[in-house]
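S.K.: Those protein sequence lines, which keep their order, are chains L and F.
Just so it is clear: in the first sequence, position 403 is 403 by UniProt numbering, and no numbers are missing.
Just so it is clear: in the second sequence, position 55 is 55 by UniProt numbering, and no numbers are missing.
No lab work stands behind these hints, which were simulated from the structure alone.
All the given hints hold, so there is nothing to weed out.
Derived SDA-like pairs (lysine to any residue); straight-line CA-CA distance at most 25 angstroms: (1) F/Lys35 - L/Ser399; (2) F/Lys9 - L/Leu76; (3) L/Lys24 - F/Ser37; (4) F/Lys35 - L/Asn376; (5) F/Lys35 - L/Gly386; (6) L/Lys390 - F/Glu33; (7) L/Lys24 - F/Glu57; (8) L/Lys390 - F/Asn27; (9) L/Lys49 - F/Glu57; (10) L/Lys24 - F/Asp64; (11) L/Lys391 - F/Glu48; (12) L/Lys24 - L/Asp264; (13) L/Lys24 - F/Gly42; (14) L/Lys24 - F/Glu45; (15) L/Lys49 - F/Asp6; (16) L/Lys391 - F/Glu25; (17) F/Lys9 - L/Phe326; (18) L/Lys390 - F/Glu52; (19) L/Lys391 - F/Leu44; (20) F/Lys9 - L/Pro61; (21) L/Lys24 - F/Gln43; (22) L/Lys94 - L/Ser2; (23) F/Lys2 - L/Ala25; (24) L/Lys49 - F/Glu52; (25) L/Lys390 - F/Ala49; (26) F/Lys35 - L/Arg404; (27) L/Lys49 - F/Thr11; (28) L/Lys24 - L/Leu76; (29) F/Lys35 - L/Ala389; (30) F/Lys9 - L/Glu70; (31) L/Lys49 - F/Gly8; (32) L/Lys168 - F/Thr56; (33) F/Lys9 - L/Thr133; (34) F/Lys2 - F/Glu33.
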Amino acid sequence: MSVEHLVVVGASLAGLRAVEAARKAGFDGRITLVGAEEHLPYDRPPLSKAFLEGDRLDGAPEIPLFRSGETFRHELDVHLMLGEPATVLDPERKVVCVGQREVAYDALVLATGATARDLPGTQGLDGVHTLRTVDDAVAVRAAFEGGARTVVVGAGFIGSEVAATARKRGLDVTVVETLPTPLQAAVGRTMGEICSSLHTRNATGLRCGVSVDSVEGRARVERVVLSDGSVLDADLVVVGIGAAPSTGWLAGSGLVVDDGIHCDATLWTGVEGVYAAGDVARWYNPLFGRAMRLEHWTSAAEQGARAARNALDPATARSYSTVPYFWSDWYGSRIQFVGVADADELVIVDADPDPGSRCVALYRAGDSVAGAMTINAPTEIMKYRGMIAKKASWRDALSFAESRRAVAGVS
Amino acid sequence: MKVVVDYGKCTGLGICESLAPDVFEVNDDGELELKQSSVPEGQLEDVEAAVEGCPTEALRLEPDDSSADTE
Numbered sequence: 001m002s003v004e005h006l007v008v009v010g011a012s013l014a015g016l017r018a019v020e021a022a023r024k025a026g027f028d029g030r031i032t033l034v035g036a037e038e039h040l041p042y043d044r045p046p047l048s049k050a051f052l053e054g055d056r057l058d059g060a061p062e063i064p065l066f067r068s069g070e071t072f073r074h075e076l077d078v079h080l081m082l083g084e085p086a087t088v089l090d091p092e093r094k095v096v097c098v099g100q101r102e103v104a105y106d107a108l109v110l111a112t113g114a115t116a117r118d119l120p121g122t123q124g125l126d127g128v129h130t131l132r133t134v135d136d137a138v139a140v141r142a143a144f145e146g147g148a149r150t151v152v153v154g155a156g157f158i159g160s161e162v163a164a165t166a167r168k169r170g171l172d173v174t175v176v177e178t179l180p181t182p183l184q185a186a187v188g189r190t191m192g193e194i195c196s197s198l199h200t201r202n203a204t205g206l207r208c209g210v211s212v213d214s215v216e217g218r219a220r221v222e223r224v225v226l227s228d229g230s231v232l233d234a235d236l237v238v239v240g241i242g243a244a245p246s247t248g249w250l251a252g253s254g255l256v257v258d259d260g261i262h263c264d265a266t267l268w269t270g271v272e273g274v275y276a277a278g279d280v281a282r283w284y285n286p287l288f289g290r291a292m293r294l295e296h297w298t299s300a301a302e303q304g305a306r307a308a309r310n311a312l313d314p315a316t317a318r319s320y321s322t323v324p325y326f327w328s329d330w331y332g333s334r335i336q337f338v339g340v341a342d343a344d345e346l347v348i349v350d351a352d353p354d355p356g357s358r359c360v361a362l363y364r365a366g367d368s369v370a371g372a373m374t375i376n377a378p379t380e381i382m383k384y385r386g387m388i389a390k391k392a393s394w395r396d397a398l399s400f401a402e403s404r405r406a407v408a409g410v411s
Numbered sequence: 001m002k003v004v005v006d007y008g009k010c011t012g013l014g015i016c017e018s019l020a021p022d023v024f025e026v027n028d029d030g031e032l033e034l035k036q037s038s039v040p041e042g043q044l045e046d047v048e049a050a051v052e053g054c055p056t057e058a059l060r061l062e063p064d065d066s067s068a069d070t071e
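With these hints in hand, go ahead and build the complete structure from the sequences.
M.R.: Right under this line is the structure:
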């Protein structure tokens, strides 16, 4: 049966790209885009960076919308259903429930993303925020403007970027991290250690290897008590302890859900007409020969587009392979990572005497280069993404690194 | 077709370079350089992916005869 109605659930980057790709592929049937938030689709990376900065004179930053309502309605001819989440998927009847309404689909792309994890025991306490949505960012920004003494819980991407932005505004900020170093889950301990120097040299307090025992205050947060007994006074607590895929609404749908919606290499869920994309999708990445769930901008965009094209024409479905890529901006330094970090060996192939200023590191898995990370080496990183995509050998990667050092040395 | 960069938007993230390295390269200062502005034979699909893949929407393709500025 040909597709007459494409429904996309989730109105962030992956959902947007699904809609755009469907139109670009020539699909002229109906498209409905369902989003839990009231806002038009917006870009999330700026929320922990530019959106929180204090450089706007009118004090009212614009929401980083991807497209105008006009563009959705007229150019893309999309029916928007915003402000209410989907609550039920019934694949037998091919229906999605949104509030009291039933939306029938022929093809369905699930792009419901992930939900920021809360710190247990902090519900109802003012001044404690996660940072995932623009509403979260508005609240954090308002606290920044009030000069909040800030405690950030979690030294991953979001927490570290928030801390950097707080320092840029001259605020006192301390980052608390359970693991021994920042960003350790994403880049490993050695590189995490180097990242920690970015915090400390910028006068951000960094407390690694301790956890939060309690967050105290009457109506508002007043202090954070750590597992070693120390106490941090705080007007604002930003919680950046990861996100969980938003799959609760799929219980009983028959989809296989376990840390994400399970999909094959074409992003197909195994249920007729239903594909998944973005943070919520756990799909088989042929390039690495294993299932992955990524919370990265690049893969969300690409998966959204691929899932829609495949959903519209399953007979010609193409698999989605990628070398994961993420970036993070801290204190004017850019951290970039390609590939995977769970490797057999890490070698820093090039670095300034102070590696936090500039360095290039390679990750080995077996005989191949599996990952690369740079700090302030933007001309190096993507060469390695290309090598990882071509399954280059470890030896080739090391000799390439050697040749790059030689070039840099004579320039 | 030729590639046009909006340098007011580009932040040098480099996704374009990884998709079409014959056309794009981020330099040591983090600025994007075009190794050639015309799309090479047989690479239109890669360059289109680079344009689509840009997180800051800083890239676009234009017909060769366009007189638009590249800045």
